[in-house]
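> Read off the chains here:
There are 2 protein chains.
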Amino acid sequence: MSLPRIAIDAMGGDEGVRVMVEGAALARRRHDKFRFLLVGDEPRIKAALEAHPNMRSASEILHCDEVVSGDEKPSRALRRAKTTSMGLAINAVKTGDCGAAVSGGNTGALMAMGKLALRTMPGIDRPALAGLMPTLGENDVVMLDLGANTDCDAENLIQFAVMGAAYARIVTGKAAPRVRLLNIGTESIKGTDDLRGASQRLAAATGLAMQFDGFIEADKINRGEVDVVVTDGFSGNIALKAIEGSARFVTDLLKTAFTSSLRSKVGFLVSRPATELLRHHLDPNNHNGGVFLGLNGVLVKSHGSANAKGVSNAVHVCARLLEDDITRRIAADLAEIGAGMDAPAQGPAAAIEAEAK
Amino acid sequence: MSLPRIAIDAMGGDEGVRVMVEGAALARRRHDKFRFLLVGDEPRIKAALEAHPNMRSASEILHCDEVVSGDEKPSRALRRAKTTSMGLAINAVKTGDCGAAVSGGNTGALMAMGKLALRTMPGIDRPALAGLMPTLGENDVVMLDLGANTDCDAENLIQFAVMGAAYARIVTGKAAPRVRLLNIGTESIKGTDDLRGASQRLAAATGLAMQFDGFIEADKINRGEVDVVVTDGFSGNIALKAIEGSARFVTDLLKTAFTSSLRSKVGFLVSRPATELLRHHLDPNNHNGGVFLGLNGVLVKSHGSANAKGVSNAVHVCARLLEDDITRRIAADLAEIGAGMDAPAQGPAAAIEAEAK
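From first to last, the protein sequence lines are chains E and F.
Here the first sequence is numbered in my numbering, starting from 1 and rising by one per residue.
Here the second sequence is numbered in my numbering, starting from 1 and rising by one per residue.
Next up, chain E with everything else stripped away, as it sits in the complex (with noise of 0.2 Å):
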């Protein structure tokens, strides 16, 4: 079959233009079948692409001249949707032109605009942001909401798990995936009433594609005993960056410690090869690129301050759902689910509601 066009938002990310170009270009050396929309200042654009003459060859350009910044409200930039290089790029989503959609823009922005541009699936309310980080165990996990949606209800969060686990089929192998939700204890009297609910609902349910567990608390996330951590996009974001930090400040302190004395110098030079490994396990460009599920279309969100090898593994990421028509697999998840339900407008929490009772 052929593979749809990827879009490309090349203005969006903290370092812009040559960084989402070179990723791009990294990306389709994994990819070589994908073509692409590079969609921002032509000018810039083609500046950038004399270093990569494959991908210079695998391109069209859409220019425009207008960028969302990174603190325009999510408002503002919606009405600029039709000017502004993340919105060409998610139009081209919409009119079937691509198949998918990368940005490093504004998350918010992306958001809404993605929403409005592609509509959220039937039996879905809100798209969640879900992303991918390593565990002690087999396989990556995937949580979300990242950051998409401050406030959460018991539907949202029950929605998210089933897009959760969707993603999850597809990123493990695995026919039920493990899933729980996030929470500051295991037991069921914690957490506020819409963890408590969704997780009643879930624990209810029959005829899900997913193993639920119940809760998991912030420090179990990468032991690699859960395939899913579903939360609200407050937490979910405070959940990820405080991993990421927390990283950051061991390695520091790895770093210190080992030219802390000439022995220990030494031994950090004999050592060196499994500290490479380690860090290139934890460099968060090896798990970039966030990817808004339950939208008619596939967006991924590139991290702001990712540099080429993270925008190429958010490039891959879109390669990979397009790949594996996540789309087309999570509406058939839905569907399934929804086959049980009595009212089949109401979406797939309904119909976990009905067999609870």
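If you are wondering where the hints come from, they were derived from the structure by calculation, not from laboratory data.
Hints are supplied without guarantee of correctness; some may be wrong.
[Said to hold, decoys possible] To spell it out: a stretch of chain F is covered by chain E in this simulated footprint if at least three of its residues, at any positions, have a beta carbon under 8 Å from a beta carbon of chain E; those stretches are:
1. 146-154
2. 217-224
3. 235-241
4. 258-267
5. 275-287
[What the hints assert, rightly or not] Every beta carbon over 10 Å from chain F, so not counted as near; a handful from chain E, in silico:
6. Glu-15
7. Glu-50
8. Thr-172
Yeah, the Cβ is synthetic: ideal placement off N, Cα and C, and Gly gets one too.
Given the structure of chain E, go ahead and fit chain F onto it with the hints provided.
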């Protein structure tokens, strides 16, 4: 001056009597002027004291049969305040028999009992659980709330900032500790209404004994750029555990890397002094002891899974707060802020509100 006694809930914590008594005995080596009231099952406490003759001579035992369980609802625990080891330890502070209490038991029950028995200080609506975390800077960072209050409004957050700054002045010796609110971005539009409201009012306030620097993201907590991180108890607990879990994840990876080849094993042996230093720095037992701030008395929560060294640190925190007379210090800080208020009975946040207008 004669120092007040410290009450120990000998039954709290995952391992119970032996660890609590051994921990207190260890702490007493650092603070040999302190005396203790050990609350719980007398035969078991006596048996545990066999191994610590110095502690035995400095302790009185208060016998009781009942224990608050780990998953007991705070409402139920409250009704058993007069018959449980946790309740009686707190009561000893209420009557003035002791100056402080330490427990490794159920956090929610401890807070509910502490609040009811000791009452919050004038101008404080809710006590908050504050802890210390290591940083790359010169001093530890104070973070609060770590899990006592799941939902917090702007008023609560402002009070936490005032209390956290008072604690940080003791810990860091700084006259105006740097205070920030934990959020999912540093731009003023980020986060919840309560976070934005608290930030605006703290930024507009004058005469506070702190330097308010706005928002901080969770990946910057340990960088040494801030002395107090203020957050609601849900996000604070998530951040704390994510940081602990991530640090453990990295050290586990490191262990794997160092044992992956003969070369790396040799390197590890050579650099062992460096890695031992790291291990010591990251051991959560070295930062054990959360303080409930805002009560009329000192109440310290030891982690349920703490070992004897961890309990010893919690008792050490307790002793340090008594030596520094933290309760009077916070009262003085609140009074100073209150001095500029239009309506002193409304607490410091009302004063800030008034100043902001």
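> It remains to establish, for every hint, whether it holds in the given structure.
Against the structure, the hints:
1. 146-154: holds (count 3)
2. 217-224: holds (count 7)
3. 235-241: holds (count 6)
4. 258-267: Since 7 is at least three, the answer is holds.
5. 275-287: Satisfied; 5 residues make the cut.
6. Glu-15: holds (19 Å)
7. Glu-50: holds (35 Å)
8. Thr-172: Holds: least Cβ distance 19 Å, greater than 10 Å.
No hint from the list above goes unmet by this structure.
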